[in-house]
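J.: Here's the letter readout for the chains.
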Amino acid sequence: MTPDEEIAALKAQVEELTRRAGVLEDIQAIRTLHFKYGYYMDKWLFPEIVDLFAEDGEMHFLNGIFKGKKGVKRMFGDGFGIAGPTYGVLSDHLHLQDIVDVAPDRMTAKGRFRVFLMMGIHESKKESTGIPGQFWEGGVYENLYVRENGVWKIKQLNYNLTWQAEYEKGWGHSAVKLLMVSPFTKTYPEDPRGPDELKPEPFRFWPETYLVPFHYSHPVTGKP
Amino acid sequence: MTPDEEIAALKAQVEELTRRAGVLEDIQAIRTLHFKYGYYMDKWLFPEIVDLFAEDGEMHFLNGIFKGKKGVKRMFGDGFGIAGPTYGVLSDHLHLQDIVDVAPDRMTAKGRFRVFLMMGIHESKKESTGIPGQFWEGGVYENLYVRENGVWKIKQLNYNLTWQAEYEKGWGHSAVKLLMVSPFTKTYPEDPRGPDELKPEPFRFWPETYLVPFHYSHPVTGKP
Amino acid sequence: MTPDEEIAALKAQVEELTRRAGVLEDIQAIRTLHFKYGYYMDKWLFPEIVDLFAEDGEMHFLNGIFKGKKGVKRMFGDGFGIAGPTYGVLSDHLHLQDIVDVAPDRMTAKGRFRVFLMMGIHESKKESTGIPGQFWEGGVYENLYVRENGVWKIKQLNYNLTWQAEYEKGWGHSAVKLLMVSPFTKTYPEDPRGPDELKPEPFRFWPETYLVPFHYSHPVTGKP
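Protein chains in written order, with the numbering used here: chain A, 139 to 362; chain B, 139 to 362; chain C, 139 to 362.
Worth flagging that the hints you see were computed from the coordinates, not collected in a lab.
For each residue, glycine too, the CB sits at the ideal point set by N, CA and C.
Certain hints may be false.
[Claimed, not checked] Derived, one-sided and incomplete: chain C residues facing chain B with beta-carbon distance under 10 angstroms:
1. 148
2. 159
3. 215
[Claimed, not checked] List time: in silico PhoX-like cross-link candidates among lysine-lysine, alpha-carbon distance up to 20 angstroms:
4. C:149 / B:149
5. B:324 / B:337
6. A:361 / B:211
[Stated by the list, open to error] Now the stretches of chain C that chain B is said to cover, found in silico as 3 or more residues with beta-carbon under 8 angstroms:
7. 232 to 245
8. 263 to 276
9. 293 to 300
10. 347 to 360
Whenever a hint applies, use it, and build me the whole structure from the sequences.
T.: This is how it looks when you write it as C-alpha cells:
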C-alpha cells in the first residue's frame, strides 16, 4: 500500500474502533442509569427518578401506561405520602442481570433487568402507611432508552411485576392478590393518579406465570 | 520518526487497541450469555438452553457430568414434565457477581457467577409436580466458554449447588438433604436420565461447606 | 490535510481511544475486584481480603475507621474464630448493582455496590460460634480505589450496614439491635479489636433509615 492508502485504511479502522468503544460506553451508561434508578427507588427519591426520563418518556406499570414526564410524575408523584428515607420503611430494590443492546446508530437502546425486592414497615413505626406488613417481590424490566444530546435517558420504563409474597407465607402460600397496589380501572383524569392509557390485555400475576418477551434473539442460534 | 515509521507505529497501536476492544466485547458477550441462560432457566426453556452449548459442551451438576449436546439435552430434557411458563411454578434464578476472564487468544474464556434462587409451587396449583413446597437455593458457577465462528458458546456449565433451605425453616434448620434432586448413583443408559460419568468425589452439600475453586489469581498479589 | 497532518490527527485519535479503552478496563477491573472480595467474604478468607487493600487503605465499618493494612487486618483478623469454609456456617454475600467511576487521570476511582446477605449457623453444628441463629442483612458500599503500579486496590472500603432481620421475624418485626456485631465504644489499643478512630456521628441502623450519599451526580440533570 502507498502511505496514502495506509492512512486511509488506518482512518477507517480508527473510525470503526471509535464506534465500538462508544457502544461499550453506552452499555455501561445505560446499565448504571438503571442501577441508579434502583438506588433512588430504595429511598423514594421520586423527583430524581422523573428526571431520568426523556421528555416524551413513558412508564408501564401493572396494566397502565403513563405518558410523558407529566404522566411519570403523576405515577410516582405522591406514593403513599413517603418521600426520601423514612423511619421504619424498608424498600430495598435489588437490580441485576443486565442485558443491554444498543442500536447500530447508537441513538436508542433496549435493556432487560431483573429486580428482587424486600418491602415493609417495621412494627415500631407509629404512623400508618399504605404499605402492608412485609413482603418479597420479583419482576422483570424490559426498557427502551434514547440518547438526547449525548445523554442516555429512559424512553420507556416497562416493569413487569411477576410475583409478591407476604414474608410470613412465602410464594407457596401467598395471597392471590397484589399487595400495596392494584390494577388500574380508570384513566386520568377520572382517576387523579391513574394512567393515560389502559393496556388492552388484563394484568397477569402470580400464581399466573408468563414470559416477559425478550428484546434480543437467542445468542447462539439467532432465533427470535 | 519518518512518516513510514509513524504509520507503522500507528498500525501496531490500532491492532493492539482492536484486541483490547475485542476482549471487552467478549466479556460483555459472555456475561450476558450467562444472564440469558438465567432468564431461560426461570421459565424452563430447555431447548433454548441446550442451544447455548457448543457441540462438545458439557454440564456438571451435582456429582454427574453430562457430555455433548446430547447429554445436556438428556439432563434438562424432561425436567419434572414442565416446559415453559407454568401456572403456580415459581423458579426465579438471580444470577450476579460475574467474573469473566478471556484467554489471550480470545478463543476460550472462564466465568464465575453466583446464583440465588427461589423455587416452589403455589398451593392453588392442582396438578402435582415433583417440586417440593417452597425453598431457597444458593450456588456458584465456574464455567468454560469457547468461541466458534465468532460466537461464544458454553463449553462447560459447572454448577455447584451449595445450599437449599425450605422457606418455612431457613438455612439454620433446613433438612440435611437435597430438595427436588438427588445425587446420581448410576450413569446413562442404566439410569435413562443419568449422567455420562460420575465424578470421583462424593457430592458435598450444606451444612457441609467448601470453596468452589477460583479460576483466577488474587487480583492484587497474583497468587493462585 | 497533508499526510503529516493526517498522521498527527490519527495519533491524537488513537491516544484518546487508548484512554477510553483504559477507562473501560479500569471499570471492569474494579467491579470484579469488589465481586472477588464478595466471594472471599463468603468463606471468611481474611488474608486474601486484607491483600486487596493498598498499604494505606482503610475500612469503615459501623462507627469505626480501621487504618492501614494493619488496621484492616485487626478488623478482619480473628472474626469469630472462623477462617475458611466451615461446617454449618452459611455466609453468602450477594454483591450487585455496581456503579464505578474512574477519575480523569485514571489513578483513583469510586464505586457503589449493594450487598444482600444471608448469614447463619445450621442447627447440626455442635461447636458454638458468636453467630446468632439465621438472619438477612442488607447494605450499601461506597468505596474508594487507587491504582498502584497498574494494579487497582482498595483505598477505602466503606460498608454501610443498613438493616438486619432474624429469619424467623423478617424486617417488619426484627429486633431493634445489631446482630453478631456492635457499634464500637473504644479505639485500639484500649479495645484490642477496636478501630483506630471512631466516627463523630453515632451509628444509625434499621428501623432508622438514611441515604448513603451517592459519589456521582444525577446521570441526566448532572445535579449532585
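J.: Taking the numbered hints from earlier one at a time, note which ones the structure violates and give those numbers from smallest to largest.
T.: As far as the earlier hints go, 3, 9, 10 are violated by this structure, in ascending order.
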